[in-house]
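For chain A, the structure is supplied; the task is to place chain B on it using the hints.
Chains A and B, in that order, are what the protein sequence lines are.
The first sequence begins at 1 in this note's numbering and counts up one residue at a time.
The second sequence begins at 1 in this note's numbering and counts up one residue at a time.
No lab work stands behind these hints, which were simulated from the structure alone.
For every residue, glycine included, the Cβ atom is placed at its ideal position computed from N, Cα and C.
Be a bit skeptical, because a hint or two may be false.
Below 27 angstroms or equal to it, Euclidean Cα-Cα: the simulated DSS-like pairs (lysine-lysine) are [said to hold, decoys possible]:
{"no.": "1", "chain 1": "B", "residue 1": "K46", "chain 2": "B", "residue 2": "K104"}
{"no.": "2", "chain 1": "B", "residue 1": "K276", "chain 2": "B", "residue 2": "K265"}
{"no.": "3", "chain 1": "A", "residue 1": "K104", "chain 2": "B", "residue 2": "K5"}
{"no.": "4", "chain 1": "B", "residue 1": "K104", "chain 2": "A", "residue 2": "K169"}
{"no.": "5", "chain 1": "A", "residue 1": "K46", "chain 2": "A", "residue 2": "K104"}
{"no.": "6", "chain 1": "B", "residue 1": "K104", "chain 2": "A", "residue 2": "K104"}
{"no.": "7", "chain 1": "A", "residue 1": "K262", "chain 2": "A", "residue 2": "K69"}
{"no.": "8", "chain 1": "A", "residue 1": "K281", "chain 2": "A", "residue 2": "K169"}
{"no.": "9", "chain 1": "B", "residue 1": "K5", "chain 2": "B", "residue 2": "K262"}
Okay, the calculated beta carbon distance ranges per label pair [claimed, not checked]:
{"no.": "10", "chain 1": "B", "residue 1": "G168", "chain 2": "A", "residue 2": "A266", "range": "30 to 36 angstroms"}
{"no.": "11", "chain 1": "A", "residue 1": "D65", "chain 2": "B", "residue 2": "T6", "range": "53 to 59 angstroms"}
{"no.": "12", "chain 1": "B", "residue 1": "T134", "chain 2": "A", "residue 2": "V229", "range": "49 to 55 angstroms"}
{"no.": "13", "chain 1": "B", "residue 1": "V105", "chain 2": "A", "residue 2": "R295", "range": "39 to 45 angstroms"}
{"no.": "14", "chain 1": "B", "residue 1": "E9", "chain 2": "A", "residue 2": "P25", "range": "42 to 48 angstroms"}
{"no.": "15", "chain 1": "B", "residue 1": "N92", "chain 2": "A", "residue 2": "Q21", "range": "35 to 41 angstroms"}
{"no.": "16", "chain 1": "B", "residue 1": "G168", "chain 2": "A", "residue 2": "R136", "range": "23 to 29 angstroms"}
{"no.": "17", "chain 1": "B", "residue 1": "S202", "chain 2": "A", "residue 2": "L2", "range": "50 to 56 angstroms"}
To give an idea of the chain B side of the interface with chain A (calculated C-beta under 8 angstroms), a few residues [as the list claims (entries may be wrong)]:
{"no.": "18", "residue": "V105"}
{"no.": "19", "residue": "E108"}
{"no.": "20", "residue": "D116"}
{"no.": "21", "residue": "D138"}
{"no.": "22", "residue": "S153"}
{"no.": "23", "residue": "A162"}
{"no.": "24", "residue": "T181"}
Next come the chains, spelled out residue by residue.
Number of protein chains: 2
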Amino acid sequence: MLDLKTYLEQKRLLIDQTLEQVIPPAEEFPGSIHRAMRYCLLAGGKRLRPILAIAAAEAVGGRADAVLKEACALELIHTYSLIHDDLPSMDNDDYRRGMPTTHKVFGEALAVLAGDALLTEAFRLLSGGCRNGTHRADTMLEIIQILSEAAGSRGLIGGQVADLESEGKVIEESILDYIHTRKTGRLITASVLLGAKLAGGSADEVACLEAYGRAIGHAFQITDDILDVSGSTERLGKPAGSDLKNNKATYLSICGMEEAQKRQKALYEDALNALKLFDDKAEPLRLIGQYIIERAT
Amino acid sequence: MLDLKTYLEQKRLLIDQTLEQVIPPAEEFPGSIHRAMRYCLLAGGKRLRPILAIAAAEAVGGRADAVLKEACALELIHTYSLIHDDLPSMDNDDYRRGMPTTHKVFGEALAVLAGDALLTEAFRLLSGGCRNGTHRADTMLEIIQILSEAAGSRGLIGGQVADLESEGKVIEESILDYIHTRKTGRLITASVLLGAKLAGGSADEVACLEAYGRAIGHAFQITDDILDVSGSTERLGKPAGSDLKNNKATYLSICGMEEAQKRQKALYEDALNALKLFDDKAEPLRLIGQYIIERAT
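In isolation and in its complexed conformation, chain A is listed as follows (with noise of 0.2 angstroms):
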């Protein structure tokens, strides 16, 4: 039987590998901005969004050598916006993934400029995958299009607007639903698709894949309400009741635990139902979604 903490950590390394790899070494001129990437993208982190890459890629029977650059460009755009979300201007946060945040080292300015490098990089990334023939261009492009949709101001860029916006105030559910879905949903299941359309899934098996990101990119959300008021600030890198500090909504402010809870279960159910035509090969897309659920509990 698959064991998930051994899948997690091997695909983690190579992923970590990779990106140590593709970004620019630090004592590249000017020195200041590639240390200043490398240090919050290198500093840990889950790599949830390209092991899903990969675990989505080797559902529909790929390999993740054959995406593991790609699912990378994943990291760099989670990266970035998590500089950026981090800065004085927005939610003015002192730690992530357990150290100081990149202004908080390197000052405002570089970590402005190197969520910047990190978002650009990421196209780079993409657009230099099928010069080795891996990738067919057409896919290549639609995986780009795809993510800066995903990346824009329809997507992660406009949650992080309506999350600020909704600070202090009483929104309704719509709202929230808004802001999880384009904050953290949209790239959980791009991700996926990503994995899945690079690695040559049918037509009928990437719908699958995008309704399991859905769900789980939605239950992952409502994870990190939960952990925001039940978490420890070692276990989650980043000071918990951070949402509470900064008067945001949550699932749990809006509905209560109980109904977050029940709300866990059903997109667990709905995350296992997309991937029913899946043999094997999907347990790890099938554990990861449990492990989404139990990280809050």
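Just chain B now, kept in the frame of chain A:
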């Protein structure tokens, strides 16, 4: 004979109309990010980069409308870099394109996010470009690669970092060259390449146009340095003398006015030489080269 003023005005209108269409409407939720994105983007500007792309496409026998959307991606990247460069933690500028800077109107958080969104939108635009079969997928990917390299930590961002770190210091000419080629030169060269490649220019044509782009990109930055000393705030749309204020090294502070003007002329000759093999269709490019120098006189 071609009247450059009319040519620039016609293309500028075409680009302004297209930019207006490709960016999400101001009323789309969350409205603040879309208003912030549109504010600086549609505030005017010479649209030099997209015009260069169109003129390069025409020089190799292509049509403006076949590269128009992709050319707009250049303006999105340029505008994002202006918004971020103007931030308080960077150049701390209050005026741009004759209007208060984005962070002055929308606050810092939205200025950072609007820049992020414009950058992301540029890649969305480029990745959607071949859906209708106008361009080959592999050419589009090559363009995305060229632009992401020109905009990344080895291009635009590297230039901005070196520029910030040189403030108040006596720097060598090699560092100034690095700053100039990265902050301005590479995106201008990329603009010419985008037009030439998308319009199907031959390898020889593309190489000549790349040399043209390098020469005028360099000339453009020297012009900017001269204007910062001799131009008026009204004409520049931003405060004159801001380089001096920020203690920035310029060609003038290193080489003096006479030498700067001599270099400009030499670069203009280089630009014309690079176009030697082209017929009348390259006339706009020749006149733009002249225009870039004459801005400063």
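These are the hints, each one checked on the structure:
1. B:K46 to B:K104: holds, 22 angstroms
2. B:K276 to B:K265: With a Cα-Cα distance of about 17 angstroms, the restraint between K276 of chain B and K265 of chain B holds, given a limit of 27 angstroms.
3. A:K104 to B:K5: Roughly 49 angstroms between the alpha carbons, so the hint for K104 of chain A and K5 of chain B is violated.
4. B:K104 to A:K169: Holds, at roughly 24 angstroms.
5. A:K46 to A:K104: Holds, because 22 angstroms separates the two Cα atoms, which is no more than 27 angstroms.
6. B:K104 to A:K104: holds, 24 angstroms
7. A:K262 to A:K69: violated, 37 angstroms
8. A:K281 to A:K169: It is violated: about 45 angstroms lies between the C-alpha atoms, which goes past 27 angstroms.
9. B:K5 to B:K262: The given pair, whose Cα atoms are some 25 angstroms apart, holds under the 27 angstroms limit.
10. B:G168 to A:A266: 30 to 36 angstroms: violated, 59 angstroms
11. A:D65 to B:T6: 53 to 59 angstroms: Once the Cβ atoms are compared, 56 angstroms apart, the range 53 to 59 angstroms for T6 of chain B and D65 of chain A holds.
12. B:T134 to A:V229: 49 to 55 angstroms: Taking Cβ atoms as reference, T134 of chain B and V229 of chain A lie about 51 angstroms apart, which means the hint holds.
13. B:V105 to A:R295: 39 to 45 angstroms: This hint holds: roughly 41 angstroms between Cβ atoms.
14. B:E9 to A:P25: 42 to 48 angstroms: holds, 46 angstroms
15. B:N92 to A:Q21: 35 to 41 angstroms: Check passed, 36 angstroms falls within 35 to 41 angstroms.
16. B:G168 to A:R136: 23 to 29 angstroms: The hinted range 23 to 29 angstroms is violated for G168 of chain B and R136 of chain A, with Cβ atoms some 51 angstroms apart.
17. B:S202 to A:L2: 50 to 56 angstroms: holds, 54 angstroms
18. V105: violated, 14 angstroms
19. E108: holds, 4 angstroms
20. D116: At 6 angstroms from the nearest chain A Cβ, D116 of chain B passes the 8 angstroms test, so the hint holds.
21. D138: Holds, because the Cβ-Cβ distance from D138 of chain B to chain A comes to roughly 4 angstroms (cut-off 8 angstroms).
22. S153: Hint holds; S153 of chain B Cβ to chain A Cβ min 4 angstroms, cut 8 angstroms.
23. A162: holds, 5 angstroms
24. T181: For T181 of chain B, the interface hint is violated, since the closest Cβ of chain A sits about 13 angstroms away, which is over 8 angstroms.
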